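Position chains B, C and D relative to chain A; hints supplied.
There are 4 protein chains.
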Amino acid sequence: MSGCPYFEKKHLLYKNKPPKTEEDEDDSQAGVNKASRGGIIYGDYLQLDKILTAQVLQSELKANKIHDEHLFIVTHQAYELWFKQILFELDSVRDIFISGHVRDERNMLKVNTRIHRVVMIFRLLVDQFAVLETMTALDFFDFREYLSPASGFQSLQFRLLENKIGVPDNLRVPYNRRHYRDNFKGHDSEMLLSTEQEPTLLKLVEEWLERTPGLEVDGFNFWQRLEINIFDGLNQEKEKIEKMPDSEEKEELMAEMVKQRELFTSLFDEKRHDHLVSKGERRLSYKALQGALMIYFYREEPRFQVPFQLLTSLMDIDTLMTKWRYNHVCMVHRMIGSKAGTGGSSGYQYLRSTVSDRYKVFVDLFNLATFLVPRHWVPKLNPNIHTFLYTAECCDSSYCSSDDSD
Amino acid sequence: MSGCPYFEKKHLLYKNKPPKTEEDEDDSQAGVNKASRGGIIYGDYLQLDKILTAQVLQSELKANKIHDEHLFIVTHQAYELWFKQILFELDSVRDIFISGHVRDERNMLKVNTRIHRVVMIFRLLVDQFAVLETMTALDFFDFREYLSPASGFQSLQFRLLENKIGVPDNLRVPYNRRHYRDNFKGHDSEMLLSTEQEPTLLKLVEEWLERTPGLEVDGFNFWQRLEINIFDGLNQEKEKIEKMPDSEEKEELMAEMVKQRELFTSLFDEKRHDHLVSKGERRLSYKALQGALMIYFYREEPRFQVPFQLLTSLMDIDTLMTKWRYNHVCMVHRMIGSKAGTGGSSGYQYLRSTVSDRYKVFVDLFNLATFLVPRHWVPKLNPNIHTFLYTAECCDSSYCSSDDSD
Amino acid sequence: MSGCPYFEKKHLLYKNKPPKTEEDEDDSQAGVNKASRGGIIYGDYLQLDKILTAQVLQSELKANKIHDEHLFIVTHQAYELWFKQILFELDSVRDIFISGHVRDERNMLKVNTRIHRVVMIFRLLVDQFAVLETMTALDFFDFREYLSPASGFQSLQFRLLENKIGVPDNLRVPYNRRHYRDNFKGHDSEMLLSTEQEPTLLKLVEEWLERTPGLEVDGFNFWQRLEINIFDGLNQEKEKIEKMPDSEEKEELMAEMVKQRELFTSLFDEKRHDHLVSKGERRLSYKALQGALMIYFYREEPRFQVPFQLLTSLMDIDTLMTKWRYNHVCMVHRMIGSKAGTGGSSGYQYLRSTVSDRYKVFVDLFNLATFLVPRHWVPKLNPNIHTFLYTAECCDSSYCSSDDSD
Amino acid sequence: MSGCPYFEKKHLLYKNKPPKTEEDEDDSQAGVNKASRGGIIYGDYLQLDKILTAQVLQSELKANKIHDEHLFIVTHQAYELWFKQILFELDSVRDIFISGHVRDERNMLKVNTRIHRVVMIFRLLVDQFAVLETMTALDFFDFREYLSPASGFQSLQFRLLENKIGVPDNLRVPYNRRHYRDNFKGHDSEMLLSTEQEPTLLKLVEEWLERTPGLEVDGFNFWQRLEINIFDGLNQEKEKIEKMPDSEEKEELMAEMVKQRELFTSLFDEKRHDHLVSKGERRLSYKALQGALMIYFYREEPRFQVPFQLLTSLMDIDTLMTKWRYNHVCMVHRMIGSKAGTGGSSGYQYLRSTVSDRYKVFVDLFNLATFLVPRHWVPKLNPNIHTFLYTAECCDSSYCSSDDSD
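Chains as they are written, first to last, in our numbering: chain A, 1 to 406; chain B, 1 to 406; chain C, 1 to 406; chain D, 1 to 406.
Same shape as in the complex, but just chain A (with noise of 0.2 Å):
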């Protein structure tokens, strides 16, 4: 970045221990002095000689060159090297969980960071289609005969990006009939295939869930208490609208009390909740949904402040996501019509078809607002619950003894 100072601060007197080796010393000195003779500069750092050389123009080398190329070649290249860093964070994230790094509380704040970071990411991608949309379908259409077959779908990145998060490869649209998978070949075909059956987001986020301290059966038993707490509630509701005078007022409070407690009885219905599962209306275990509402209803407690931030986080990036896939559907729309009414299902209408709930990986965190209860309706937490949520933070000694890991 222009004249960023910061960049080039050389604390050649604090060196950050790297693991220690044989020949710790010696290359920590020649570290030094390469530093001190030159080291690297902005311009290699950045490896700005592939970064910068990477613009070819198709429409030029049919030797019509289209100036807006430039621009629809660059903006990619941008999508291409943030998704890059999406994956690169989403990873970082995933070995975390795997390890069983978060077990130690202290890992949840990069954990929390991080995912927090493809947020923001998501934010920026959202906005960069305005930099694109600076250029009409009449410019366009001037060169995107020059760029067949090439085609978004072929954006290996984006397709690890969806699985590795948790796009169920039973949910998604076909295109043309066609399995997303078709449009690679060799290499990247078996890293998609295998990003499919690795432990997604999705997955390593249930079990970290199943494991909320307070839903052990033989302990605070959240749920059991739960129940409880609620159809006491509905009890005394019902109880005083009976109470009241026949009315049309009455009618109706009777007729969404009887709702209410249709919808609670399907909560507490395991079956149910399986049912919905395998119709992929739900994504989470029956457990995992516990915990999700536990962390809900307690995320004041000092334990839960920082899961439920990410819980909020996830939600965030199902929702940033389907905002990018409007905003591309938008700009499709513009660039090259609906073609309504030439028959064949459309390019825009495809990806129109994936701005659905069924893209969205964390549906049930979103979905858990329909089972909010008055705050006197939550089990308290007694004094000894209390205590247990707190020292439980204290990580096993050999978590603790264990180096920060990254």
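These are computed hints drawn from the structure, not numbers from a lab.
Some hints here could point you the wrong way.
The list treats identical chains as one, so a pair stands whether inside a single copy or across any two.
[To be verified] Pairs of lysine to any residue, SDA-like flavour, derived with a Cα cap of 25 Å:
#, residue 1, residue 2
1, K250, D142
2, K65, Y359
3, K62, P213
4, K62, L310
5, K279, R225
6, K271, R358
7, K65, L381
Only a predicted model underlies this, so the values are computations on that prediction, with no experimental measurement involved.
For chains B, C and D alone, kept in the frame of chain A given last:
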């Protein structure tokens, strides 16, 4: 971009005609065959093998991989990608001006659209800091030693960009008493020197403003008419005030009147203008300033609508560049502190000093706001000048017959 | 605004002349006196006594003050303030069209600037959701019962805005089987009805497009020339393909050719157009569509540069309104869930259905992208039509002599 | 908001319990009845009769209606609405601190969320200038005379906001040699004076930082341990350098070493700190500074994760407020020019001078970046202190038993 259908459009039927050459027929045929046999795919088109392999963490090379360095690299690469796009747009606009094609007013749409695109890119770049700000000073500290002596001062593209727009060498703030060009060697240094000598966007806009129709002394003679009207107007105001009974208010008004007269006397004093230019407080020639003010006052004339938008966009660029600088300063403050109290002019303080009107290239366009007058003081366009303005738009035959160049 | 100095500017010397009246002289004098004696101060000017006392929390009235209700109120008030501004701009633009002032092309700058301003406001409103999203579903749950039955469906201004732009009554999605106007009573309901009957922005733009110079059958006759050129072009392409040796590729190209021919046959078929209009798939008249396409193809002609920008801004408004709707949907999903599985069409599902091309007023401008052709198929403008286009800009004398109206 | 369904939700069944009073039962019943009979509708809830009738154009009163004045009014009203929301959040956060409720760590989520909300609002306000910038200097000129002497300097809320955050009176830049409070009279002036005397957010955060666990001299004694570690570390580095053969590099490193030693000597010198405070270069007490640095270094400890986020958000507020000021300056430059050359300190120049670190309230949090050290210099937390940090979170019984207030 993911699943972008317009990307794979293959209007093989429509060939935008490239300039005729002998091999034309064959080439075009070859093109069709190649495309149908496969053509180019997304990853190759965008050269993702270069773009996505250019992230090498210095900390990892030093066996102490720091997670956040990846973000640092990607962010700077994204900045450089967009700088390249800005330079591409700037060069194309400068070419249109240099070649004289702007005399064919049909090219004003291109000029305007491209300058507006630069505005939109800068808007994105200003927002982009929000992503890098997810890295804290502490995260940065962990790897900043490895960057030495790489420095944002070494961003060639940003310096080229400043030069091509028109930041003058003599108004630059020196850093550590060194000339900015000393950060560059060989070919890079020569490129910078040559951009200092080529016509800048400022210079080209200046020449274009000097040609504003209506300035001709033997024609509409805008400047003289304006001077007459203004001083007539001031005199009438003065008379009104003089007729008022003595009061504090009258005195205030008279004092204000004196100031206004001085202000406008200075406007019509070419020597004073040249003096301000020599001090760097004004940048445009006296004639160009007149042209700009003329466009301001008659902005609703069809002939001047697009030129007026252009002047507005040029101010946008200036504003956004200083906002970019200021956001940069804010981030640097956060990352390395101001080092207040440790002595020595810090990088932070240097950067802060560049957030200055000295770096506003089109500062005159802002300052013209000082010289606005009521609408009824603006010289009336008579039907003749109206006609003149419209027919003047018809480019002379040599341009009209020429092809669209780009 | 804090410390805003331009706010207190007192150019008492410069009087913008109000329309002459008998008391003119006196009034103006009075103005000066009043201003000097104090004039108006910031808080009174902005009527902050009204603006800043309008936040009454229902939860507080019910003796259970919930902190986040304040944000809820302020956010909605800010939306309504901006809706008012949008209506103000829309009305002024519609007035210019209705009064015929747009025939004086000098008014195009106003039209364009104001429509662009609406774009900028919508852009802000889309971003504004980020503030309300700092409230979680749980915070909202604490006070949402108190709001009953207040509903956003009752926002009069938003409905007016939709009507004035041109969302047609018959394409609206009904909510709970009720007509949207049933949410309003008395004067409000009448206002809505009258906006359904007044000329919409869509209608006014349509009439303006129908007047596009060059469409005259006894003049340049754009439409017929275009039809001839397109089918000539298609025939030439066909001949080329027929000469190719038999191959899979040849077959593909022939199939594509057939599709293209059908596509363009449909374009020049007025009956088909009227059929699409009757189904709501097209909105503009056949002639207006021709005008729009003409502006697209000749957008670089000085005469058409600003009209082309206008068409682009109209698409921006459509796009941003659907983005606004979509962001709204996303927030509602977060606040109350989708209620999937509880039966009954939910508010969420209703809102989702409004994020539809049915609500895109200027959908035809997007879909024209389907009918683009290579530049060399576009009918050439001969010097005559060039001249025609330019001189036509000179408004007729009756307008030229008239004052700037606003 | 248009068609917002969550708005009309009527969970009449769920009553959030208001504090018990004698009339409790009746009130609640009344509430139900009222709601069912109609309750409140959207327009009444938002008091739109006040909000939407508060736009009175001065230019219209003077019989010279200028279109753009409407935008000017609405924009400023939107700013004031949001200022009110910011004040509401600030006051609630200050109350939590003042009441001591923050000692119950459960309240940290509220504090953090509300401070983050202020950040999001400021982000919107920074962007909001883009809307007002659709008005040009020329449009503004047409009505600015009518505003006299209304001035943004008279925005009471903005001054309150500055005071409550902690902009100190003695660091304010005087405008036209007048004290800022002279712009206000009567009740407003008194309100300002009292906010100067009440505890500012800065002061409250300072007190909270001083209580950071681990600072106790007879406990973990962070500060002394840190001092020892740092100087040990510096000594070791020095020895390494001394062993190097003489060279230019060695000299550089020694010089750098001397600087670092001075820097850290200053850090541990309380007198020097107090001196910097007296000059306004530091704002926090010596002990609070220690607490902040402790939170920085141990940010990953569960106990400190949310406090660390809070410190980050406080810097965000500072940054966004200066960006807001800077954007304001840019707009003023555009609207009225800088008046360079006419003499007298202009409003533009005054505003420019407020974009200064003097107005950064939490400047110390930025400048701590100067005092970062390698991770292995940071004093290790032993298992005891770990346990201390976790159990300390369990608030004492008096708080635990108390209800959630707010």
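Please write out, lowest number first, the hints stated earlier that are contradicted by the structure.
Numbers 2, 3, 4, 5, in rising order.
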